[in-house]
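Novice: Protein chains in written order, with the numbering used here: chain A, 1 to 280; chain B, 1 to 277.
Just so you know, these hints were derived from the structure itself, not from any lab.
Glycine is no exception: its CB is placed at the ideal position from the N, C-alpha and C atoms.
A few of these clues could be false.
Listed below are several chain A residues computed to face chain B (Cβ distance under 8 angstroms; list not exhaustive) [stated by the list, open to error]:
#, residue
1, Arg23
2, Gly130
3, Arg131
4, Ala147
5, Phe148
6, Gly230
7, Asn231
8, Leu232
9, Thr236
10, Gln248
11, Gly249
In silico DMTMM-like pairs for lysine to aspartate or glutamate, Cα to Cα no more than 20 angstroms straight-line [claimed, not checked]:
#, chain 1, residue 1, chain 2, residue 2
12, B, Lys246, B, Asp126
13, B, Lys246, B, Asp109
14, B, Lys101, B, Asp267
15, B, Lys149, A, Glu63
16, B, Lys208, B, Asp126
17, B, Lys227, B, Asp162
18, B, Lys246, B, Glu60
19, B, Lys149, A, Asp68
20, B, Lys149, A, Asp252
21, B, Lys149, A, Asp250
22, B, Lys101, B, Asp126
23, B, Lys220, B, Asp162
A short list of chain B residues far from chain A (calculated; beta carbon distances all over 12 angstroms) [as the list claims (entries may be wrong)]:
#, residue
24, Lys65
25, Asp150
26, Pro194
27, Gly199
28, Glu231
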Amino acid sequence: MDLTQFRLKTETDRHNGRPRVGRVIFTLLVAVLLSLFLLFVTIPVASLFLRIAPEAFIRSLTEPVVLDALSLSLVTATISTVIVVIFGTPLALANARYDYPGRDIVDTLTDLPIVLPPAVAGIALLMAFGRRGVVGQYLDLFGIHIAFTTVAVILAQVFVASPFYIRQAKASFEAVDRLYEDAARTLGASPWTVAFRVTIPLAWGGLISGAILSFARALGEFGATIMFAGNLQGRTQTMPLAIYTTMQGDLDAAISLAIILVVISFAVIATVKVVTRRKF
Amino acid sequence: MKRSTPATLVAVSLLIIAGLLVAGCTDTQETPGDAVTLNVFTAASLTGAFTDIGKAFEAENENIKVVFVFSGSQDLRTQIEHGADADIFVSANMKHMNTLKDSGFMVDDTVAQFVENCLIMVTPADNPAGIEGLADLAEPGVKLVIGTKDVPFGDYTRQLLDNMAADPEYGEEYRDAVMANVISEETAVTSVMPKLTLGEADASFVYKSDISKDDRDKLKRFEIPSKYITENPIYPIGVLAESTHKAEAESFIAFVRGPAGSDILTDYGFDPIPVEN
Numbered sequence: 001m002d003l004t005q006f007r008l009k010t011e012t013d014r015h016n017g018r019p020r021v022g023r024v025i026f027t028l029l030v031a032v033l034l035s036l037f038l039l040f041v042t043i044p045v046a047s048l049f050l051r052i053a054p055e056a057f058i059r060s061l062t063e064p065v066v067l068d069a070l071s072l073s074l075v076t077a078t079i080s081t082v083i084v085v086i087f088g089t090p091l092a093l094a095n096a097r098y099d100y101p102g103r104d105i106v107d108t109l110t111d112l113p114i115v116l117p118p119a120v121a122g123i124a125l126l127m128a129f130g131r132r133g134v135v136g137q138y139l140d141l142f143g144i145h146i147a148f149t150t151v152a153v154i155l156a157q158v159f160v161a162s163p164f165y166i167r168q169a170k171a172s173f174e175a176v177d178r179l180y181e182d183a184a185r186t187l188g189a190s191p192w193t194v195a196f197r198v199t200i201p202l203a204w205g206g207l208i209s210g211a212i213l214s215f216a217r218a219l220g221e222f223g224a225t226i227m228f229a230g231n232l233q234g235r236t237q238t239m240p241l242a243i244y245t246t247m248q249g250d251l252d253a254a255i256s257l258a259i260i261l262v263v264i265s266f267a268v269i270a271t272v273k274v275v276t277r278r279k280f
Numbered sequence: 001m002k003r004s005t006p007a008t009l010v011a012v013s014l015l016i017i018a019g020l021l022v023a024g025c026t027d028t029q030e031t032p033g034d035a036v037t038l039n040v041f042t043a044a045s046l047t048g049a050f051t052d053i054g055k056a057f058e059a060e061n062e063n064i065k066v067v068f069v070f071s072g073s074q075d076l077r078t079q080i081e082h083g084a085d086a087d088i089f090v091s092a093n094m095k096h097m098n099t100l101k102d103s104g105f106m107v108d109d110t111v112a113q114f115v116e117n118c119l120i121m122v123t124p125a126d127n128p129a130g131i132e133g134l135a136d137l138a139e140p141g142v143k144l145v146i147g148t149k150d151v152p153f154g155d156y157t158r159q160l161l162d163n164m165a166a167d168p169e170y171g172e173e174y175r176d177a178v179m180a181n182v183i184s185e186e187t188a189v190t191s192v193m194p195k196l197t198l199g200e201a202d203a204s205f206v207y208k209s210d211i212s213k214d215d216r217d218k219l220k221r222f223e224i225p226s227k228y229i230t231e232n233p234i235y236p237i238g239v240l241a242e243s244t245h246k247a248e249a250e251s252f253i254a255f256v257r258g259p260a261g262s263d264i265l266t267d268y269g270f271d272p273i274p275v276e277n
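Only chain A is shown next, with the shape it has when bound in the complex:
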C-alpha cells in the first residue's frame, strides 16, 4: 500500500501551518484501520489452514465426496462460463454500440441476478423449469427433466454468474475507440471482420477478466443450486454443497474443500489482476 499518496494529498490540501500533527494522526489512523481490516479478512481464511493437519488434508483429497464435488464443480463452472460468453458477448456488444428502444430495460434485466438473493433465483428457476413449472410442465410432456439434474446446476450458475461477464464485456467494448472500427469499415471490412478482427481483440483483456470472474461466481454458487438442482453426490453436489453437507459428518472433508476453494479464488483474483494490467 502506498501511503505517500495520502501524504501528498494532505500537504496540498492544507497550507495552514499545522499539517504535521494532523498528517501523523491521519497516517496512523489509516494504518490502524487498514491492519485491523486485513486481520479481519485474513484470520478466518488462515484459520481454515490451521484447523486441519496436512495429512488429514491429503487424506480427504482422496475421498470420493471431495473428488466428485471438485470435478463436478470444475466441469459445470466451465460449461456455464462458455454459455455465458457465447450469449453474453453479442448482448454486451449490442448494448455498448447501439442505442435501440428498450436498451435500458435489457441492461437492467441482465444486471438483476447480481442483486437477487440466490434463494430467489433458486425458487424462480424451480417455478419455471421444475416438473410442474411454467415451462417445465411442457418439457415434461417430452420427457425432458431439468430440475435436480446436472443441467439444472449449469442453469443456476449461468443465471447468477452472467452479469459478471456481461457488465465487464460491455465496459470493455465501450472503451474501444470507434475510430478503429470506422477505419476498418471504410476499408471495406464486413461487420464480422470488424467484430472479430478489431473490436474483440481490442477488448480482449476485459473479456477474459470478465469470463474469469463469471467462472469464479459459478464455482461458488450455492443457494440457487441446492434449491433448483438438489444435492446428490456426483450429479448435482458441487463444492459449496459438499462443504455444507460434509460439515455435518466429516469436518476434515469440509475444511479441505473450503481450502481448495480459497486457493482457486485466490488464483482467480491474481489472474484477473495480471490480465487487466497487461495491455493487449
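Fit chain B to the supplied structure of chain A, relying on the hints for placement.
Specialist: Here is chain B on its own, set in the frame of chain A:
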C-alpha cells in the same frame, strides 16, 4: 423542547438498558407466592406437540409456567453441559440423554423413554409415479429424495434399505436400483417436504411425526413392514439434577405421559410409550 444532546442520549440509553436488566432479572427470579417457572429443553421435532402440551398443562396448573427452549438435541445437551438453567431435558435420541446421565446431570430414576417415532414412506397426494408400495421405488424413473447419511432420518432410511437388501424377496439389486433413483439428499426434513408438495419428487422416507397437520392432505403415507425395521427412534425425557423445582418438573412429565399428553403426542404422529408399573 430542548434539543437532545449526546449526553442526554447516553443517559436515556443507560436508563433503558438498566430498565431492561431489571426486567430481565425479575422475570427469572420468583418471589414467594408467584408462579413457578419450568425451563423445558425440548428437541426441535417436538415443537408442535410440546407447545400444545405446555398450554394444556398451564391451564390445569395455574401456579406453574412452562418455558420451552426448542433446538437440536445435540445443541441442548451442549447448553446444559455449559450451565444452562434447565429443569427438564427432552432428547430426540438416547445418545445425548445417556451422555448427560453418565456425567451426573440427570436425576436417574426420572429418566424414561416416553415416545417412539417411526419411518414412513410418503408420496405427493396425487402420487405422480403411481407408487403402491416399497417395491415400486426401484422402478426406473421414480424420483426419490432422502436424507444424507449423517442426519437421523437419512441414516434410518439406509438401515431400512440394507435390511430389505438382506431379504431375498428384494435383494441387493433392489437397494441399488432405489439408490440410483435418488435425485437429491437433504440435510433436513424441512427441505424434503416442499419437494414432495410441489411434486418435484415422487417419494421420500421421513419420520411419521415430521408431517405437519397442514401437509397431511398434500401427502400420501405408506407404513413400512416392521420386519425391515431394526429399531425405531425413541425419545427420552428426564429431570435435571440441578433443577430447583423437581416436584413440579415430575408433575409435568406425568402430565406428558398421562392421557392428555398422550393424546396430543398421538395427534402429532408420535407413538407414546405407556408408563411401566
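Novice: Does each hint fit the structure? Answer for all of them.
Specialist: Hints, verified against the model:
Taking 8 angstroms as the C-beta contact cut-off toward chain B, the hint placing arginine 23 of chain A at the interface is violated, the least distance being around 28 angstroms. Look at glycine 130 of chain A: its Cβ gets to within about 5 angstroms of chain B, closer than 8 angstroms, so that hint holds up. Hint on arginine 131 of chain A holds. Least Cβ distance to chain B is approximately 6 angstroms, under the 8 angstroms limit. Because the closest C-beta pair between alanine 147 of chain A and chain B is about 6 angstroms apart, less than 8 angstroms, the hint holds.
Of the supplied interface hints, the one on phenylalanine 148 of chain A holds, with its beta-carbon coming within about 4 angstroms of a beta-carbon of chain B, less than 8 angstroms. Hint status for glycine 230 of chain A relative to chain B: holds, with the closest Cβ pair at about 3 angstroms, below 8 angstroms. Of the supplied interface hints, the one on asparagine 231 of chain A holds, with its beta-carbon coming within about 5 angstroms of a beta-carbon of chain B, less than 8 angstroms. A hinted interface residue such as leucine 232 of chain A counts as satisfied when its beta carbon comes closer than 8 angstroms to some beta carbon of chain B; here the least separation is about 5 angstroms, so the hint holds.
A hinted interface residue such as threonine 236 of chain A counts as satisfied when its beta carbon comes closer than 8 angstroms to some beta carbon of chain B; here the least separation is about 7 angstroms, so the hint holds. The beta carbon of glutamine 248 of chain A is positioned within 8 angstroms of a beta carbon in chain B (closest approach about 4 angstroms), and the interface hint is therefore held. The restraint placing glycine 249 of chain A at the interface with chain B holds, with a minimum CB-CB distance near 4 angstroms, inside the 8 angstroms limit. For a cut-off of 20 angstroms, the pair hint linking lysine 246 of chain B to aspartate 126 of chain B is broken: about 50 angstroms separates their Cα positions.
Only pairs whose Cα atoms come within 20 angstroms are accepted, and lysine 246 of chain B paired with aspartate 109 of chain B is accepted, the gap being roughly 12 angstroms. Between lysine 101 of chain B and aspartate 267 of chain B, the direct Cα distance comes to roughly 30 angstroms. Violation of the 20 angstroms bound is thereby established for this hinted pair. A C-alpha spacing of about 15 angstroms is found between lysine 149 of chain B and glutamate 63 of chain A, which places the hinted pair at or below 20 angstroms, so the restraint holds. About 19 angstroms separates the Cα atoms of lysine 208 of chain B and aspartate 126 of chain B, which keeps this hinted pair within 20 angstroms; it holds.
For the hint pairing lysine 227 of chain B with aspartate 162 of chain B, the CA-to-CA distance comes to about 12 angstroms; that is within 20 angstroms, so the pair holds. A C-alpha spacing of about 18 angstroms is found between lysine 246 of chain B and glutamate 60 of chain B, which places the hinted pair at or below 20 angstroms, so the restraint holds. Taking the CA atoms of lysine 149 of chain B and aspartate 68 of chain A, the gap is near 17 angstroms; set against the 20 angstroms cutoff, the hint holds. Of the pairs offered as hints, the one joining lysine 149 of chain B and aspartate 252 of chain A holds, with about 16 angstroms between alpha carbons and a cut-off of 20 angstroms not exceeded.
Under the criterion of a C-alpha separation no larger than 20 angstroms, the hint pairing lysine 149 of chain B with aspartate 250 of chain A is consistent with the structure, at around 11 angstroms. With a C-alpha separation of about 46 angstroms, the suggested pair lysine 101 of chain B and aspartate 126 of chain B falls outside the 20 angstroms cut-off, and the hint is violated. Proximity of lysine 220 of chain B to aspartate 162 of chain B is assessed by CA-CA distance (about 24 angstroms); at most 20 angstroms being required, the pair is judged violated. Here lysine 65 of chain B stays apart from chain A, with its beta-carbon at least about 35 angstroms from theirs, past the 12 angstroms limit.
Distance to chain A contradicts aspartate 150 of chain B as a non-interface residue, since its nearest Cβ pair spans about 4 angstroms, not more than 12 angstroms. Residue-level check failed: proline 194 of chain B sits 9 angstroms from the nearest beta carbon of chain A, not beyond 12 angstroms. The beta carbon of glycine 199 of chain B sits about 5 angstroms from the closest Cβ of chain A, which is not more than 12 angstroms, so the claim that it is off the interface is violated. Against the 12 angstroms criterion, glutamate 231 of chain B stays outside the reach of chain A, whose nearest CB is about 20 angstroms from its own CB.
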